[in-house]
Amino acid sequence: MPKYTTSYPSNKKPSFRRNTGQQLPGARSRAQRKRGAMYLRHSQGFSGGNRRRYRNRRETARRTYALIAVGCAFLVFAASVLWYANRSVTITLNGSETSVRINSSVQQLIDDQGLDLKPGNLLAVDDTVLKKSAGTTCTVHVNKKKVDVSALADTKLQGGETVKIGDGEDVYEEHRVQATEIKPTITVEGSGAIQYVQTWGVPGRSEVWTGATSGKTQDRGVVKEAQNAVVKARSVSPDSKKAKYVALTFDEGPSSGTAAILKVLEDKGVKATFFLQGDAVETNKSVVAQIAAAGHEVGSNSYSNKDLSTLSGDTLRNQLNQGFSAIAAAGGGTTALLRAPFASFSEQNWCDAMDLVSAVVGWNLDSGDWLLPGAQAVVNNVVSGVANGDIVLLTDNESTSAQTAEALSGVIDGLQGEGYTLVTLSELIATDKDLAKELASPLKVSMPKDAALPTLASAAGDSAASAGTSANG
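Numbering follows my numbering, in which position 241 of the sequence shown is assigned residue number 243; successive positions increment by one, without gaps.
Since the hints were derived computationally from the structure, they do not count as laboratory data.
Each hint should be verified, as a subset may be incorrect.
[Said to hold, decoys possible] List time: in silico SDA-like cross-link candidates among lysine to any residue, alpha-carbon distance up to 20 Å: (1) K218 with V173; (2) K234 with A294; (3) K146 with T100; (4) K133 with T187; (5) K243 with Y422; (6) K234 with T201; (7) K234 with T100; (8) K446 with K243; (9) K147 with E99; (10) K134 with K147; (11) K451 with M356; (12) K166 with S152; (13) K270 with E420; (14) K246 with A438; (15) K234 with D436; (16) K147 with S107; (17) K439 with K133.
[As the list claims (entries may be wrong)] Simulated restraints on C-beta separations: (18) K287 with A389: 32 to 40 Å; (19) T66 with K158: 38 to 46 Å; (20) N323 with T139: 18 to 26 Å; (21) S314 with K166: 48 to 56 Å; (22) S288 with T423: 27 to 35 Å; (23) T317 with T139: 55 to 63 Å; (24) E429 with H143: 44 to 52 Å.
Each residue gets a CB set at the ideal place from its N, CA and C atoms; glycine is no exception.
Using the sequences and the hints, build the whole thing.
This is the structure in structure tokens:
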């Protein structure tokens, strides 16, 4: 053993130990290495605790970067939303294109554009100026629709609108209004077998104003013109020049002979139109439902065989309502189609009952069966006199129904032999597009809410003259 000089006492002198490396922890296991294996050499100071601290620092850094990335993305998204919500859009202002912020109000537009607008004045009822610049501040139309001044701040612009802004309007002082209704008058135009309402009458109005501030009274005259009623008369003119149509109609029924008429129509496969008389319906109720069930069209021939032109007011309305009600009660359905007895329905009748009647139907060809000329004469009258679009009159009362039933088969054969198609009245109207457009529902009447029954022009003139005398007095 080598000799060493140390400061240790002799009894403390270190002794030499072999293989000192094997005494360190894990040294023996590390010394035993497998042949051909690859081993990593770690620095002496890189312990397990250091590795964990290093890994924690890396994870913390990664979380920081992720949070920064998310924050940036959110800021970009928020900026995009903010831009979209406040983007500029284009409108047309007084004829020129202008950019505005979307959802900005019309009031903001006026403020931003610095428009030089002149307000209107406050006027007395006689149009004199009570106070200058006390009217509306401006007039505004958006897409041709007027916007009230009180709604300017709430009217938002989305882009694409056409805005027109101008000076304010004059306004009138608070005032009391005394209004007088102007009744519409009636005109019957044209001629033909069918009369119907082409234009409904709408009342007008005249006003007298009394100012709350000025105390003045002023006749403002007509502030709303009346729309006069127009009744159109015309016959059916089928559009097709190749096909021919005719409608068979029966008056004054039902009768004891109606069943025979229905049998002939059924055998021939023909549909017709029956104008039933109310008092006759009450006597022969059962046959009314048979007529409707067979697919024939039903109208009213009034309640009784009276000349309606001799009736007016409530008397006329009762006559018509009783006739329609009797048909409905007997199972004939609801109808507003009328054939006036003797084809007599005056302008005054229209004034009194326009809201009850869809159309008043006459005829183009009278078979003459009511004269009882014999069945063959009736056939000859119809077949020789018919024209395209005609409405043929046949009679179904107690006196004529047997002859009518006897003639009916020959009438149908003769018409079909001439190339005619036999149809109901509504079907005949449908062959004329212009007429069908104006009389779309021949069995129904529909009076507009703002319409009113008209008056004769002479009566309206007398009423106006009377009102004028009263006002001047």
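Distance restraint between K234 and T201, which requires alpha-carbon spacing of 20 Å or less
holds, 9 Å
Given the hint that K439 pairs with K133, test it: the Cα-Cα distance must not exceed 20 Å.
Violated, because 54 Å separates the two Cα atoms, which is more than 20 Å.
Within a Cα-Cα threshold of 20 Å, do K133 and T187 meet the stated pairing?
Distance of about 42 Å is beyond 20 Å: violated.
Distance restraint between K246 and A438, which requires alpha-carbon spacing of 20 Å or less
Cα-Cα ~17 Å, so holds.
Does K243 sit within 20 Å of K446, going by the straight-line distance between their CA atoms?
violated, 29 Å
K147 and S107: Cα distance at most 20 Å?
This hinted pair holds, its Cα atoms lying about 16 Å apart.
Pairwise hint evaluation, D436 against K234, where the allowed Cα distance is 20 Å at most:
Given that 20 Å is the threshold and the Cα spacing comes to 12 Å, the pair holds.
Hint says 27 to 35 Å; check whether the CB-CB distance for S288 and T423 agrees.
Once the Cβ atoms are compared, 30 Å apart, the range 27 to 35 Å for T423 and S288 holds.
Checking one constraint from the list: CA of K243 to CA of Y422, max 20 Å. Satisfied?
holds, 12 Å
Given pair status - T100, K146, alpha carbons within 20 Å
With a Cα-Cα distance of about 17 Å, the restraint between K146 and T100 holds, given a limit of 20 Å.
For T66 and K158, compare the CB-CB distance with the range 38 to 46 Å and indicate the outcome.
With Cβ atoms ~44 Å apart, the hint holds.
Is it true that the CA of K218 sits at most 20 Å from the CA of V173?
Roughly 16 Å between the alpha carbons, so the hint for K218 and V173 holds.
The structure fails hints 2, 4, 7, 8, 10, 17 and 20 (numbered hints given earlier, in ascending order).
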